[in-house]
Every structure is written in structure tokens, then in C-alpha cells.
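Enquirer: Using the sequences and the hints, build the whole thing.
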Amino acid sequence: MNAAPTNLLTAIVLLPLAGFLLNGLLGNRLGKGFVTMVGCGLPIAAFALAVKCFLDLGPGGNLLLIDIAYTWFSAGKESFEIAFYFDRLSAVMALIVTGVGSLIHVYSTGYMKDDRSYARYFAYLNLFLFFMLMLVLGRSLLVLFVGWEGVGLASYLLIGFWFEDPEKAAAGKKAFITNRIGDAGFLLGMFLIYTTVGTLDMDRINAAFMATPAPMVSASLVGILLFFGACGKSAQIPLHVWLPDAMAGPTPVSALIHAATMVTAGVYLVARMSGIYLHAPEASAVIAAVGLATAFFAATIAVVQTDIKKVLAYSTISQLGFMFLALGVGAYGAAVFHLYTHAFFKACLFLGAGSVIHAMSGEQDIRKMGGLAKKIPVTFWTFAIATAAIAGIPPLAGFFSKDEIVWFALASGRGGSALLFAVAAVTALLTSFYMFRLLWLTFFGASRMTKEAEHHVHESPPSMTGVLVVLAGLSTVGGFLSIPHFLERELPLPAVKEGFEHYEHFVVAASIAIALAGLAGAAWFFGSGAARAERVRLAFPTLHRVLLGKYYVDEAYQAWIGKPLLWISERVFLRFGDQRLFDGTLHALAALGRGTAAVLGRIQTGSLHLYAFLVLSGIATALWWSLRHV
Amino acid sequence: MSDASLLNLVLFLPVIGMALLLRVPTSREDMIRGLTFWVMVVQFALCVWLYTRFDAADPGLQFATRLPWIADWGVYYLIGLDGYNVLLVLLTAFLGPLVVASAFTAVTRDVKLFYSMVLLIQFTMVGTFLAQDLFLFYLFWEAMLIPMFLIIGIWGGERRIYATLKFVLYTAFGSILMLAALIYLVVSLQASSGITSFAFADLYRAGAELPLDVQVILLAAFGLSFAIKVPMVPLHTWLPDAHVEAPTAGSVILAGVLLKMGTYGFMKLGFPLFPQATQLLAPVIATLAVISIVYGACLALVQTDIKKIIAYSSISHLGYVMLGLTTFNLLGIQGAVMQMVSHGLVAGGLFLMVGMVYERCHTRDLAAYGGLARILPVYSVFFVILTLASIGLPTTSGFTGEFLVLLGAFAAGWPQLGQGDALPLTLAVVAVSGVVLGALYMLWLAQRLLFGATRAPHQPFADLNGRERAILAAIVVAVFALGLFPNEPMHKTELAARHYQRLVTAAPAKAPMAALSHSHEGGNPDEGTFPR
Amino acid sequence: MGSLQFFGWVGVALFAIGLLGVVVRRNVLVMLMCMELMLNGVSLTLVVFAQQAAAAAATVLVFLAFVVAAAEIAIAIPIVLLLVRHKRSLDLDSYADLNG
Amino acid sequence: MIDTVLLYFFAAAALAGAALMLVLRHPMRVALALIATMLSLAGVYAMLGAHAIAVFQVLIYVGAVMVFMVYVIMLLDVREPTVSHRYSWLLLPGVAGFLLLLGILGRAVWQGLRASATGAPYGVQAFSVDFLNDYWLHFEVVSVLLVAAVVAAIAVIEVGRRGSRG
Amino acid sequence: MNATLIFTAMLPEHILLAGIVLLVLLEVTAGKPRAALAMGVLTTAAACAAALVLSLQGFGAAPFPGHLSVDPSALLAKALVLALAIPVLLISREDFSDRQFHILVLSALYGICLMVSADSFLTLFLGIELLSLPVYVLVLLAFRRPESAEAALKYLVLGGTASATLLMGASLLFGWGGTLETAAFARALGSSDGLALAGAALVVTAFFLKAAIVPFHAWAPDAYEGASVPVTAFMATIVKAGVLLAAARLFAEAPLLRPMADLVFILPLASIVWGNLAAMRQQSFRRMIAYSSIAHAGYLFYAFLGEGALRFQAVAFYLLAYGVMNVLAFASLPPDGDDRARDRLDNLKGLFHRRPYAAVMIAIAMLSLAGLPPFPGFIAKFLIFKNVIAAGFTLYAVLGLVGSYLGIYFYLRVVQFLFMSPEEATANRGTPGRFALGAGALCLAAGVVMSVVPGWVLGWL
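Chains as they are written, first to last, in numbering that gives the first Met the number 0: chain A, 0 to 629; chain B, 0 to 531; chain C, 0 to 99; chain D, 0 to 165; chain E, 0 to 460.
Read the hints as simulated data drawn from the structure, not as lab findings.
Note that the Cβ used here is the ideal one computed from N, Cα and C, for glycine as well.
In the DSS-like style, the derived pairs of lysine-lysine whose C-alpha atoms are separated by at most 27 angstroms in a straight line are:
1. K373/A x K112/A
2. K307/B x K173/A
3. K307/B x K562/A
4. K549/A x K562/A
5. K112/A x K450/A
6. K173/A x K549/A
7. K549/A x K367/A
8. K373/A x K450/A
9. K491/B x K76/A
Computed beta-carbon distance windows for the label pairs:
10. E163/A x R22/B: 49 to 55 angstroms
11. T28/E x P67/B: 54 to 60 angstroms
12. F6/E x G102/D: 46 to 52 angstroms
13. E157/B x D337/E: 29 to 35 angstroms
14. E451/A x A366/B: 36 to 42 angstroms
15. F484/B x E163/A: 36 to 42 angstroms
16. H628/A x L394/E: 16 to 22 angstroms
17. L21/B x F6/E: 46 to 52 angstroms
18. A308/E x Q110/D: 31 to 37 angstroms
19. D306/A x A105/B: 45 to 51 angstroms
20. N27/A x A505/B: 56 to 62 angstroms
21. V66/D x D97/E: 29 to 35 angstroms
22. V447/E x E157/B: 33 to 39 angstroms
Some but not every residue of chain C turned toward chain D, in silico, with C-beta under 10 angstroms:
23. W8
24. G20
25. R25
26. C33
27. L43
28. V47
29. L60
30. I72
31. A73
32. V79
33. V83
34. R84
Expert: What follows is the structure, encoded as C-alpha cells:
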């Protein structure tokens, strides 16, 4: 590969950082105009630069760009460089991040208009972009990890943006901790790679695992460790618990971080490390299984959620599950494809939801909505398009990417199977169903709003609707750009199991049917005031409770991990260890000293007889000792 | 003025400062404060100058002074900078002015005595790091107790007497055994080679020649005294009390520098003096280190006193240092050094911040606080930054240290797994879990202190003033500098790390360690002949 | 002449008895006399050894011992008088204000 | 022959006197017992041929010290509890220690001394010659000591006259 | 016999004697005591100077062969003791104006001079008595409280026992070796003959009694508490120094073998532990110092475990450090009309706020006595234990060090009182006299010198 040196990448990364510093340090003094300018201008500039780099690539230009900023640490032959790396995969990611990011910045100017911490908000947002770009552009796992933890930080800050509410602050903490758990695995994976391969540069690592002899380490072990990190970041079972709570943050944040970009970092990581996973069938199997399971369970939960953002959150988890399924079956291109389309329609959905909430002046419960279609038409139409897209209605973006995934789940030579296909299909059905349920409950039917709420309903400002329209447009046409083909060189699609070639059209038909079935189901259940849905709910109360309770995973963690940890720390370590054992021993020794001192003092009675006796016995003993051998 | 004499000036500036303080009438408190502050500033400036002049490529002792002191015992006044101490001296000098400035409003009783004691302890700490002669080292090491005893005991909290006595008696016990051990070491050197010398360089040779069992005993004696200072579980119980009772300045000095004495002692003396014994005991020490990491973190989790949380976090963080020192590979050692400095900055900064809020609310009980972010925005920003540094978030110095240490530990453990010894790797893995626990308690602290509904005694009060902002800004800048560009300082310590590594692994005791470390050293075993 | 061993032993015995007296007798004057007895025992031992070695030194030492004993008594008695004046008692056990 | 008998008699008497000192109640009687012991010791000295010592024994001890002692005893005839119970509570341990001491020391001396006496008797004249020739340093020092003792005694008496300042 | 030789050899003694005689004459003739202090100090200083000069000239002679001989180290020892006596005399000004005090002190010093150059037990015995008899009386001389008499009596009785024991030991040694020269003792240490060992043991015991080593220590706390401040200082420093230096001369360079070595290890160790522990809960300053002195006597006898050639240096340096710091503490003790009050440790509470410098002085003294660096006490202790370990008694040294650790607490307790405790309402407000300050200054200067250039000081010894 002929790599061309450049400095643009550093610039791309640093622009948002500059935004963060400017807004963070000066924002409050220089006022909203300045903040908006910096907060939106720099990401857009970054986007422009990304496009520029993208154009440098491609058939005409170089195969990839490398930008070595500086050496972070070196000792002997150990060396860690801060370097950036720009190939087609990074390009796709960078464009999504900067592009969608910029859009959401613009949207935010409207959404956060009245917030008193306007500057802080944009500072955080820029900070996020900075780290996210480090993540997708980093050449070595180290740089990636810096971004990886950094975006975690940004999401922590943004989830807890309204920190007066302890719930929100706690949600931020939960997100950070859960990510940290994943990161521990990531770190171990990194260490293992470094110890065995001797470098952290991802291109080198891939090469090393491709080469023969392979490194003296099981690729699957490395793969699973890294995947554990990905689980944390991309909210896969068992580390998915943080994402729903993360909805506590401002809605644009949910759109940007918890739908479009950050949560897909795990997908990016696995795709980027495909060199390892191609040689790690066990790890790939695990990924496929986990991904699919996540997709399915999240979808089931989403069916019963009543908070508009929670529904979207679970759908995000579910869609991420789809991506991991694709990764698991070796269809890295398909995964990235879905990542890309998902970025559009899920961002659109979240922003639409934001617009709805904005319109409802803060109300998020879809049971208190309905009939909004006429009141906020732009929001409705964009939301509808995005819904259709995620449901996989052709020819919208979601259809193509999801179809690819379902297809490879069945036919991939790298572990595709009928079972995967079946579950994926069911999940797709559920997806379409709950999405249309959401649409219905929100926009159709009779209004269930309180009067004054209804009175306040209003369409959002153009800064928001404009963004919605753009994203809806992307969700519509985005699918026609075939990312897998574009990435063919970096991420070749897996060979199709022989004998399956001619099932392709069947699968396409199936997925179309599934999508429409979901639509129909939603219409049938919720079209007439959700009476039928109610009946179903009463029919299976337990099931409903379990789903509402999200399978009680949080509770289980609390009971089996949180409480025992605290108990041990409190009872065993603090009470017994520190207080009784260690300090106890000390105090006992001190008491011993004092006691002896008291005894000695009592011996000194002041009676000369006693003193003389001490002398007498002393002399006698001394004589005895010195003469005992004579 | 030659650099060597500058180094002496750096060492003795605090004493000069004390002499000047004596001339200042007790009533002129501001003058006292100013004088002390400027003395510290000058000291720091000189240190920076020397740091820039410090030649990373010179393995030997730099800016050294060597004067006969107790001639017929072979005791010399021998000080100098080398890779071992250069960063720590700089750190000490850096924290000096900040400590002084932080006490401007906090300390109002016996101001003169207080600042004399601060200068005194500064003197002893710098001396401990600079000393290259065991007798001199021990002198400074022990002398350090006295000012600390007074600082905690006079300006401390309710249970200050208990705390300070606990601190001094605990530490003194270790030092007594160390004294016996060092005398034995010197005597045996005299017996074996006929030369009477306390110079580290000579003792390194003497120690390595001792029979293993003797080495183990001596290492235990030295190690006990160092481990108490670090402190390593189970010798740590003095630390929380001392920290909680000490005045802010005391806590900062304690966390910022004093604890490093222990790890520095291990790195400069304990391990290199007795290589075979170290090889033998390395698993034990590493295990204790990891226990400290986890134990400290768990205890920090259940504290309600802000200072205690940070105190226990110190135990946890210094566990990383010890772990790094026992990896015997360059990454781990360098990481340990970095972690020392980083912890000095971060923990010091956190204690300063606790002090600042304590000055305003007069309580350290976490339950009394909440939502400070609303009333103290600037404070909160700094607090969050330092919290993240303490968690070891990338781009902060904490990450540099932890990452290198853990990587080193893993790199040391993995090959041994091949030889069927799973312990080192297990330790590394468990240590990684400390990363999670660290996030757990620090974020818990931050959330309860800064977020949620605003709640604090004696509000409303003013946000940080210029002085406080300056103090914290200095620390934060340093934290990020070490997080983003650790390479330059690390190069200054690299030769020392190699020297340490060579001394400790020279012994044939444990093949895997040695082999690994050489492979990581880059196969040039005999570079750097230290210190002459 | 008889065996010196016996007389040497007697000297030691006197010394020991004197010491015992100091330990057990409560009357301060008696105790002082017991101290004298100790010195007497010592002198006897010395004389016996002197007889064995026939050297002047020991005899001189005995002489010095006498003088010193006299001096000690000369100092001790006034002290005792002082004590008795304050304590109105010769009982040693009543002189125990200093203790601990 | 006879002087050997005398010798042993004096020794026995000395021991007896010493023993009596331990058991007698009244200080005066104790003093008399001590005097007896001293006189018999003087006898022993004389019999052993150390006439000088014998003389000093009689002069210094009996003549000076004990007279002084007896005088003081008569001076303070305080009604004494010590007369009723003469022993401190340490009687038994004291005796035990005494026996141990006597055993060890006596054994040492017994073995240390050769069986029979030798050497010429050491008379007053020889003593005074030696003393003033070889030992005048000690003579001088003794004088200093006596001066100091006198000053000391006077000081104590003055203190007694002055009474406690505290 | 050459008179000039005697004159020069015993010049310090002669100067002291002259002083004594002069004072006695004045006592007899002149009525009002005047300039007693001046005479005492001058005499001591002159004697000290004489001893120092002679020792620096490397003067050595045996004016009374077999009884008394001087060599540089003996002269140095005299100089050391006399030098220590000067500040003690200065302290005494507040308590003693009369001549008797000075006569007694001078004769005690005379005794010490004899002890440290004695070659025969006669001289040694006379020296010890000449030292002891005056001190018995000094104890009650101030007589600020009735207990003084009791203290004096206890000291006298046990002191008398000590001299009897010494005599008994001497006579046994005489019986063994047929001579009363002290060299016999050094020989006896090595012998295995019963008589020799018994004699040696008794002599050692006598020295233990004088130096207050457990279990012969019991007199010390009572005597120290009963005496007045200057006299306690005198006993704690001068008397101890005299005894120990005499012991050093007595042991000479004789190698210490078992069982004697055990004797010289076990009992001192016992007194280190005992003294340090018993001092922990004292309420009287002087009593605490007494226990501390018991412990220090232990360290000092540890020095005898060391190699013969190094004993004198170790003992001398230790005595210097220890004595100087002790006197410093006593000099800085704020005076008070009521002796009991002055003696109460509680009176030191919050002293720093009344008179900071005094507090700092006492603190320095305490920390030095505790053996914490960088104070001279540490270097002295280091020297002793270094010798002990070098001689191969590593275990003994470790035990001794651990014992010394026990002592740190009660010294720190004093510092705690000085700086950290609230002032007591009843606390005395007396101001220390000029002379006491002078004494303190002298001691502090000496201490500083010893800790800054210990090598230089050791060079002299």
C-alpha cells in the first residue's frame, strides 16, 4: 500500500478541540453568537477537511493517508506514536461523524436555544467530536483507546448535562462505569496484542495476523477481549444496561452519541481489526451470537416501552446487534453499511423525537400523545420516512443494509446459518412492528394530550426541521451508495456458501414481506385506539411485566455484583480488616506498652527495702550467671 | 555559579528561608507568608533550570557534590541528580509554592512556626531525594518525621494527636529496623572489601554479594520501612488517619511527596541493593501491591469522608507503582516513575481542592454536600479534571502511569504463563480491574459532591479566587503535559530505569524475568554505569 | 593458724548478712548499722586475702574503707535526723513519698 | 593451739553478733550486737596478725562510729512501730536471695582461697611505713574526702536548721 | 618522686583542690557568700582548660605507678566532664548561692578526675566515694521539699551498698590476682576462674549500681525527683559521665567474652526497655529524665560490647551528646518558685506560646535524647550500635534498637505538651535567668557543632 503523508488529519482532529477550548474557556463571556459560530463552524470545517481527504483517496488518489503527529512515549525499542490513518473505512466513519455531527450541531442551536448552559453544551459536543475523530482516525490502538475513553467521558458529561437532577447524573456515571468495565477488557486485549505482536498500530497488527507465521497467541482470545470492550461501547449484552438510561441527556446528544456515532465505535473497532477476526472463528461466532441475542431481546423490550426515547434507545441497541451479527458472520462491509444507514435514520428519528418533545414542551410518554401528524407535519413526515427506513421498507436506506445482513446471516461462508437467519428475520419483524407502533401512537389516532399541552404544541424552528429534512433525505437515498462494494478492498465480503446463491431473491422478498408485516401488525393493533394491544397485554401479564422490567438485568447486576462488592468492602475490608485486624493489633500493642509501664511504675513503690532487695537479687543473679559454668 | 553549587542551593534554600523567617517578627504574618512563598518559587525556578540542564544521555550522577563529612566512617556529603530523583525533586519543588500558597488563608495560628516547618520538611524531602550516601539519606529520611509530626499535631483536626503519633511511631518503627539493616550492610561491606563507605554505588556491590538469606532479611528490614511509607497493605492504617487529621498543606505534602519516598526508596535502595532477594520476593511484593490496589479502591468506595476517599485512593494508586517496580521491564519501571509523579500531582491537587471546600464549609462529610457544580462552577471544572486524572483517563498523567505499569505487568506476566507460572499474569489482570474500581469511587465522589440538588453548609459562598485558580491551573497544566507529552521527562529517567532493571535482574535467580526484561531492554545490557 | 578459707567465708557471710539486714530491717538506724556490717565483712575478706598475699595494698584499702565508712555515717546520721524531724518515725516504710 | 581456738571463737562470735543484729528488736541492742561483732573481728584481725587493722577497727569503728551511733539512738527514742514489727514484707524473698548470694559467693571464696595461711604478719609499723611512703596520694585524697564529708555534714545540718524552702 | 611531674600530671585535680580550699577558707572566714558561682565556674573552666591542653599535647605520665596515671584519653575524659560541669554550674545560680554547693561540686569533680585516671582499686574506690558522698548531700541541699531527705537517704544507702560491693569485688580480684591494680579486672574478664569471675561480676554490678542499670536502678527516679533541677542535671550528666568513663578505663580494651558479655548485654537491654517504658506515664519531668537516663545508661553499656579500641570514643561521644542535651533541657526549663510545680510535666503544656524559644530548646533536647536525626543523639547512638554490630553482636544490636524505639513515644509526648496542648491556667510565668540562658546557649552551640560536623568532633575523641 502506498501511504501518503499529510497533516490534514491532525487538523481535522484538532478543529473540534479548538472549539471545545474556545467555548469552554471563553464561551460564557463572548455570548451565544460566538458560541454558535465556533460550535457549529469548526465541525463543519472539519467535515470539509474530511471531504478533502476523502477526495484524495479513491481510485485516482492514494490508497491511504498517514499522519504521524508525534511520539507519545518511547523507551528502548518500545515506542508509541500518536499517528492518524485514513483509509476508506476511516473515511466513511469520519464523514459520518463530521457530517451527522455538524447537522446535529446545527439542530442543537435551535433545540438548546434557551438553555442557560448553552456554551457548556457546545463545548462538550465539540469535545465529543474531537475524541470521536481520534477514535476513527487513530492509527494505533492506543490513539483509538484515547478516543474510546474520551467519547465515554463526553457522553458522561452530556448525559449528566442537567446535573441538578441526580437521576441524570447517576445515568452518566452508570454509562461511564459500564464502559470502563468494557475498557478493562479492551486494555487486556491491547496488552496481549502488544506483548505478542510488539506494536499497537492496527494496520501492522492486521498484517501480522494475516502473515505466517501468525503471532504466538490465539486470535480468538484477543478478539474476544477486544469485543468485550466493544460490548461496553456499543451496548451489547451483557453491558447494554447503560444505553437506555443514557437517554437522560439532551435529545440531540442521544441522536449524535447514542445513536449515530459513539455507540457504533464497537462496530468500527471489530471491522477495523478484521484481520484478527478473520482468523478467529470462535470469536466471530461469539460476536454473531451476542449480537443477534442483543438485537432480539432489545427488540422485544422496545415493543412495550412507552417513553419515545426509550423505544428508540432499545431500537438502537437492537440495530447495533444487527451490525454485530454481520460482523460475526464476517460481513464487515455489511455491518459498516448498516452503521452508515443507521446513522442517518436513527439520527433522524431521535431528532424527530426531539422535535416532538420540543413541541410537547418536554413530554416524552407516547401514551400522552397521538394525532400529532397534522400539528407538526414536517416532523411527522421526516419521522415517518426514517421509521420506514429502519423498518426496512424499500427503497429506503435501511432496507438495503438490513437485507445485506439478513442475507449474510443465512449465506455467509463464515458461519452463516438458517438459525441466525430465522432469529434475524423475527427481530426484523419486531423492529418494523415496534417502530410503526411508535409512529402510530405518536402521530395518529385521537390526541391523548391534556388541553394546555395541546394548546402549546407547535412546529420546531427551521434550524431543527431543516436538519430533519436533510437527514430524511439521506435516509431515503443513502442506501443506493453501496458501502460494502466501496469497502471491498479493506473489508472483502465473505464468500457465499455454495448452493445458497439462488436464495438471494427469496431473502430480499422475505425482508420486504417482514417489513410490511410489521407495518400491518402495528396498524392492526394500534389503528383503533390500541384496544387490541390492550387485550394482548392482559392476555400475557407476566410476559408484559418481564418486558417492561427489561428482563430485570439491572436488578440482577445490583443484587449480584453491586451489593456484594459494597458488603465486602464495608464489612470485610473496612470493619474487619482495617478496624479490627490492623488497627486492632496496633492498639493492642499500644495497650500492652501502657500496661507494662503501669506495672513498672507499681514496682517503683518507693520502699527502700524493695530497692535493696532488687540489688540483692541482682547481685546474686549476676554472680550465678557468671559462675554457673565454673 | 556552577550547576553543582546551584543544586546545593536548591537543597539549602529552605534552610536559608527559615533563617530569614527567624528575623521576621511573629506579628508580620503576611511578610512571613510572602517570604516563604518566594523562597519556594525561587527553589522551583532553580529546579526547572537544573532540569533543563539535566543531560538525559549521561548515566552518571549530575551536578554532584562530594565532601567528606564523617571521615573515619566513610560518610560523605554526597548529593546529585540522576534519573531516579530528577523528576521527584522537580515535583517536590513544584508542589512547594502551591502548598505555601494554599495555606495563606487556611493557617492562622502560629503562622511563623507553620511556615518554618513547611520549609523544614521541604528541605528534608529534597534532601532525601538528592542524597547519594546512605547515611545522609537516612538522616533526611528520619528528620522528615519531626516537621510532619508538628504539622499534623499542631494544625490538625480533632484527633490530630492520635493521628500524628500513629504516623510517627508507625514510620519510626520501620526506620529503626532499616537503621539496623543499613549498619549491617555497611559493616559487611567493610568486612568483605575493606572499604568503609555509605555511597549507594559501593553498597550496590556489597548487597549483591551477600548470601541470599541475609539479603532476604535485610530487604525485609529496608522494605518494611519503605512499605510503611508507601504505604502497602497491611501497613497502611496510619495513612487515612494522618490524611484526615492533617491540615490541607500537610495532606498535600504527605500525598504529594512523602508517600513517594517509600516507592523511591524501593527503587533506589531496597530492590537494587538486594537483587537476589528481590527476585525471590518479587511475587510476594507484587501480590501485596495488587492487594493494595484493590483493597484501597474497595475501601475508598465505602468512605463518607472526602479526605479518606482520596487517602485510600492513594493507597490504591501507589499499588500501581509497586507493581510497576516489580515487573523489572522498562515499561513497568518507567510507568512506575510516571505514576509516582502523576499521583503526586493528582492526589496533591485533590487534597488542595478538599481543603478549599473545607475552608468554606468546615466539614469533610460527603453527606453534607451536593450540587456544588451550580454554586462553584470553576471549582467543579477543576475537580472533575483532577477526578478524571485520578481515574487515569487518557490525555492525563494518570493514564500514562497506569497504562505503562499495567502494560509492563502484563508483558512481564505473559511469558511466564508459558513457563507455567500464572501468578504474574493473574496479578496484572486483577490490577486492571483496579481501573474500574477507581472510576467507581472517584465518580461516586464527584457525583455526590458536585451533582444533584445543590446542598452545602454555610452557603452561599464565593467560587475560587484568583490564588486558588492559579494553584489548580498550575497542577492541571502539569497533569495534561505529562499525559500528552510524557516522552521528554521519561527520557530523563530512562537510563535510571535501565540501571535499576540491570541491577535487579542481573542476578541469575529468575530466568524468565531476566530474559524478558532483556528482550524489552533492547539488548544492550551494559549501558549506563550509575552513579559515580 | 587455722584455715583462711573459713575466715574468708565468714567475711562473705557478714557482707551478705549486712545486705540482708538492709533488705529486711525496717528501722533506719538498724539498716545503717547493717551497712556498716557489710563493710566489716568486706574488710575481713580483704584482710584474709592480704594475709594470703602479704601485700600492703589490701590493708591500706581496709583502712580507706574504715575512713569512708565513718564519713558515710557522718553524713547519713544528719540526713536521718532530718528525716525523723519531718516524719516523726524511724520506719523506713514511711519514707516512701517518692515513688512511681 | 589456743590462739587457733580463740581465732575460731572470735569468728564465731562475729557471726553470732551479725545474726543477732538481724533478729534483735531494739536498735540499742542491735548496736551492742554490732559492737560485739566489731570487737570480735578486731580479735580476728589481731590473731591473723593484722594488728594495724585491729587497732583501727577498735579506734575508728567502735571508738568513733558506734559511739556516735549509740548517741543518736539514745537521742531519738521515738516510740517505734519498727520495734514491734521489725521486718519488712520482703523477709522471705530477702532470705532466699541472701542464701543464694552466700552460697555462690562463699563457694567462690572457699575455692579461691588456698587451704592454709601463709605470709608474714603485717604489723602496724610496716603498715605506717608503707602507707606514708607508697600511699601518701591516698592519704592526701582521704583528707580531701574528709573535708568534703565535713562540709557535707555541716551542709545537711544547716539545711535541717533552715528547714524546707518549698 | 618527681614533684613537677606530679604537679603537671594532676594539674586539673590540683586546680580543683585549690578551688575547694579557697572556698573552704572563705566559708570559714568571710560571712556573706559572694562570687561563689564565679569561683566555681572559673575553677572548673581552668581545670578543664588544663586537662584539654595537656591532652592535646599528648601528655602521658604515671606519677603514682600502679595507682594513678594519666594519658591523653584520660585527660580528655576529665576535660569532657569538667566542660559539662560548667553549664550545670551556670544553671545552679537560681537555686544555690551558697559556697557549700560549689565545694561539694568541686570535690565531686575531683573524685571523677581520680576515677578516670585510677590504676588501682584504692584510687578508684576513693574517687567513687569522693564523687558520691558530696552528691548524697547535694540531693537534699536545696531542700525545697521534704522528700529531698528521703531521696538523699535512698541514694546514700544504695550508694553505700554499691561501694561495699565494689570493695568486695576488688578484694576477690585481689585474692585471685594478688594485686589491686585495675588491670586485674581486665584480665579477670577473660579468665574462667571462679574467684576472678565473681570479683569481676561484683565490680561490674557496682558500676551498674552507680550508673543505675536495671535492676540496680531503683534509687535513680526517687533521687532525681527529690533533688533540685541543677543537682538532677548534675547527677544525670556529670555523675553518669564519671562512672561510665571510669568504666571505660576499667574495661580498657579487654575483649568481652561470655558470660561477662551476657551480663553487659542483658542488664543494659533490660534497662533500655524498662527505662523507656516506665518513662511513658511519668508526671514529673525529673522523674522522666531519670528513667530516660536509666535507658541511656543501657545504651552506654552497650558500647562495651563493641571492639575494645572503639569503646572510649563511643562512650565519650555519647556522653557528650547526651549530657549536652540533658543540660539544655534543664537550662530551658522555666523556673518557678514552687519546685513541685516546676517539676510537673503539665507545666510544659503550651509552653511554646509562652516562651517559644525555651519550648524549641526543650523539644530539640527531647528529640535528640530520643535519638532522632539529625540531632547529636542519633549520631552517638549510631556509633554505638555500629560498633556493636561490627563486633558481631548483631542480634543484641537489633534488640537494643527496638528497645530504643520504645523510648520515642515519651519524648514525643513532651514535644506534644510543648506545642500541641492547650496552656494550663496554673502554668508558671517565670523567666529563665541570664545564666541559665547562657548555659542553654553553650549546650545548643555544642549540640549544633556535634550534629553539623560530627566527624570533626569524633576526630578529637
